[in-house]
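Chemist: For the record, the sequence lines run as chains A and B. Take any residue in the first sequence, note its place counting from 1, add 8, and you have its number in our numbering. Take any residue in the second sequence, note its place counting from 1, add 2, and you have its number in our numbering.
Incorrect hints may appear among the rest.
[Stated by the list, open to error] Here are the simulated DSS-like pairs of lysine-lysine, each with C-alpha atoms no more than 25 Å apart in a straight line:
| hint | chain 1 | residue 1 | chain 2 | residue 2 |
| --- | --- | --- | --- | --- |
| 1 | A | 61 | A | 73 |
| 2 | A | 73 | A | 53 |
| 3 | A | 38 | A | 73 |
| 4 | A | 73 | A | 181 |
| 5 | B | 157 | B | 177 |
| 6 | A | 213 | B | 263 |
| 7 | B | 161 | A | 150 |
| 8 | B | 88 | B | 171 |
| 9 | B | 221 | B | 171 |
| 10 | A | 41 | A | 52 |
| 11 | B | 263 | A | 150 |
| 12 | B | 131 | B | 263 |
| 13 | B | 490 | A | 181 |
| 14 | B | 171 | B | 55 |
| 15 | A | 181 | B | 131 |
[To be verified] Taking beta-carbon pairs under 8 Å as the criterion, some of the chain B residues facing chain A (in silico):
| hint | residue |
| --- | --- |
| 16 | 68 |
| 17 | 73 |
| 18 | 287 |
| 19 | 288 |
| 20 | 381 |
Note that these hints are calculated values from the structure, not bench results. Don't be surprised by glycine CBs; every beta carbon is placed ideally from N, CA and C.
Spelled out, the chains give:
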Amino acid sequence: MITESVEEYLEAIYRLGEREEAATTTSVAKELKVAPASATQMLKKLAKQGYLKYKPYRGVTLTLKGEKIGKEILRKHRVMEKFLDTLGLPKSRVHKDACELEHHIPNDLERAIHQRVEGEIPLPPGAPGDVMPLTSLLDGQKGIIFFIGGGRGASQRLADLGLTPRTEITVVKSALFHGPLMVCVRGTTLAIGRGLASRVFVREK
Amino acid sequence: MSTARKELLTIALAGNANVGKSVIFNYLTGLHQHIGNWPGKTVEKAEGTLHFKGRTIDVLDLPGIYSLSAFSIEERISREYIATEKPDVVINIVDASALERNLFFTLQLLELETPMIMALNQVDVAKAKGITIHVPELQKSLGIPVIPTIATRIKGLGKLLDKAVKVAKGKKLPKPARYGREIEEKIREITKLVKKIPIQYPPRWVAIKLLEGDEEIRKVVSRVDPKIVSSAEGHARDLERIHGEPCSIVITSERYNVANKIARKSQRITPHPGPSLTERLDAITTHPIVGYPILIGVMLLVLFTVFSVGGHLSGFFEDAMEPIKDAFGGGVGELIGEGLLGGLIAGIAIVLPFILPFYLILTLLEDSGYLPRAAFMTDNLMHRVGVHGKAFIPFILGYGCNVPACLGCRVMETERERTIAAFVVTLIPCAAVTVVVLGLVGAFVGIHWALALYLLNLVMIFILGRVAFKVLPGEPMGLIMEMPPYRKPNARSVLNETWIRVKDFVYIAFPLIIIGSVVLMGLKVEGLLESIGDFMSPVTAGWLGLPAITGVLLIFGVLRKELTLVMLATLMGTADFGTVLTPTQMIVFAIVVMYYIPCIATIAALVKELGWRKAAYITVFEIAFALLLGGIAFRLLTLA
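This is chain A alone, in the form it adopts within the complex:
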């Protein structure tokens, strides 16, 4: 069982990486608002458990195992933030509560909330629990296309460009302000509008 504080650390390190900032003991401690001494201790512990590589004075890098958890928690955090925001809670509470809830949301519930918030197309009945819209993947994450919903024209167009079921797809990056996604599929790079991307359902790889 992974403890909440482990998840917090991995999330913070992942977030630093996303901002292209170096993850050092100091920056991690600052991000989590803890004392540098306790951060050092925790990072050493995480390194021992194989979540990250830690070199004193050089900073930390996540291992694949650690990155996967960090990504997932950050994704859940963002979904919850958006959801709480739609409930009309004050901004200060939105962040705090999302920090709390991110550790307790199972994947299928996260997806259901995501769909409610984004007003997306429901999945076919009986879809496995870990299926989620392409838009839920974070930058750099890979998925396998499971299903393409929405109008006939749009799904055919996506399929024509190589987005067919059971194909691997990588989200390269997503533009700001709810903009399109840059994805890599079948060896080519495509830009897909967010509306279309939310109709593409994937299983995280």
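Given the structure of chain A, go ahead and fit chain B onto it with the hints provided.
Modeler: Coordinates of chain B only, in the frame set by chain A:
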């Protein structure tokens, strides 16, 4: 058969966008090309001729598309052409660096059963990506000749042409690739039925299209034998039950499976250690923070260059041509001097100097691969206007001149998106409108009023764009766009492309500017302008509160909008507009000029891109809208 018939061959170029198709087309045909529209369609048709070893070859450049489903007009035109006109040979141009996706299209071309060869282009780009392709293996899998080429360096093109002619003469039909067993069974069943009816398409292809539920082919077949269509529907349902997906997706997936197998068998990929140049550039140009200042910088640089270069060129031409015009005088002389030559000079001295650098820079940006990045960054913004990111470029173009902007709306894939984009573009104040707004309102009422008009214009664009988005029928289509790798622009293809675009523009705009200016001069010489002004006075004086003479100006503005200001000075006998018009009148006049009727060259561009009917709707709507807005503004301003 006569010998002349035997000598003439037709080659069709087909392939995805961004594979170097136009480079090959330009190489083959040089400047012997004519660009028009497909009969009755608003899609561009590029044709050219070349002479090779004593025979005349007609080369047709089909639109760059990714599939032959009936998704866009381009796709429908392409497949209709290949299936029914049957060119002697199809050259399928393929991007070697994205083999699998390109092969998906190749497989569809093979289904059309026309003699075919493949130009495996950009092998250098593929190599840089660490991809090497085993040509004999690819040839064996597809059953057609494959020629590796590097079009930008003219490598392999001679051999390609040689092979194309050989295959065309041999008339050897390719064998379509086979798909999975249960799909093949269904195809076979339906093909048997289709073979019994007279139809101009290959039977196997018809069978596949019926399985996919292709609307057009269903219509064609059901006219002959509706039973075949319903039987195909039954088979399609069977497949849907097995796979749990719509049959068209099942077949698309199957084609991709085959493409994947062929690609894997014939290519070897050695991934590069570090990030590629494109990845490194993308990290900056589409960076969530740094990317936007870069985008704004690029756009400002484009506008600045165009206006400064254009301004110099324009001044130079005008000075050079003025004496010619002055040589004519009185009656018929004025008609020729002011009308015919005046129109021509306006075209050369005022329009061309701005169009030329604009197209050159635009083509450079396009060729380098930056434009798709700009579309990526602005997609969300453009959605608020009812279009997607690809419309960003025409949108920006519009502030220079609406004509190339309308022509640029071609990048939108569906008729619906194209219509919305072109409509929005005609609402954008072009450089000529800016002259009027700044020269009248900015100079005599105050710069803040001029800015307010621009702000109002933006608001109107957002509102009307949204309305068009809601009102127009059809499925709204979001952004799906390939992001080609960055590359060094190729001088030859940039210049060629610029030349073709400028030619295109001149053909559309010049005749109209010249005819229009002759007609108006004719009216002036006959002394009919006064009576037209009187005729329009209920609208101009009554509804808009403007001097009656402005009616004439608004008519002249149809030619070029800045003429309204130039002629206002002539007719009023002064350039100090403050003495002849009240501030309210100036604002109302500027509003009407801003929104009413796209100028005549823009209307021509609309006709080319959207057809007569839509061009007429947009024109009529904008006249009515301008009058409405002008009338409201007049009443509000006099109230205050």
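Chemist: Each hint needs a verdict: does it hold in this structure or not?
Modeler: Hints and how they fare:
1. 61/A <-> 73/A: Distance of about 11 Å is within 25 Å: holds.
2. 73/A <-> 53/A: holds (15 Å)
3. 38/A <-> 73/A: holds (23 Å)
4. 73/A <-> 181/A: OK: residue 73/A and residue 181/A at ~21 Å, within 25 Å.
5. 157/B <-> 177/B: Given that 25 Å is the threshold and the Cα spacing comes to 28 Å, the pair is violated.
6. 213/A <-> 263/B: holds (22 Å)
7. 161/B <-> 150/A: violated (42 Å)
8. 88/B <-> 171/B: Cα-Cα ~14 Å, so holds.
9. 221/B <-> 171/B: Roughly 34 Å between the alpha carbons, so the hint for residue 221/B and residue 171/B is violated.
10. 41/A <-> 52/A: At roughly 18 Å apart (the allowed maximum being 25 Å), residue 52/A and residue 41/A satisfy the hint.
11. 263/B <-> 150/A: Answer holds: residue 263/B to residue 150/A is near 22 Å, not above 25 Å.
12. 131/B <-> 263/B: holds (20 Å)
13. 490/B <-> 181/A: Satisfied, since the Cα-Cα distance of roughly 24 Å is no more than 25 Å.
14. 171/B <-> 55/B: Status holds; Cα separation ~13 Å.
15. 181/A <-> 131/B: holds (20 Å)
16. 68: The hint holds - residue 68/B has a Cβ within 8 Å of chain A, the shortest such distance being about 5 Å.
17. 73: With a closest approach of 6 Å, the residue 73/B hint holds.
18. 287: Result: violated, 11 Å to nearest chain A Cβ.
19. 288: Cβ of residue 288/B sits 7 Å from chain A, so the hint holds.
20. 381: holds (4 Å)
Hints 5, 7, 9, 18, counting from the list given before, are not met by this structure.
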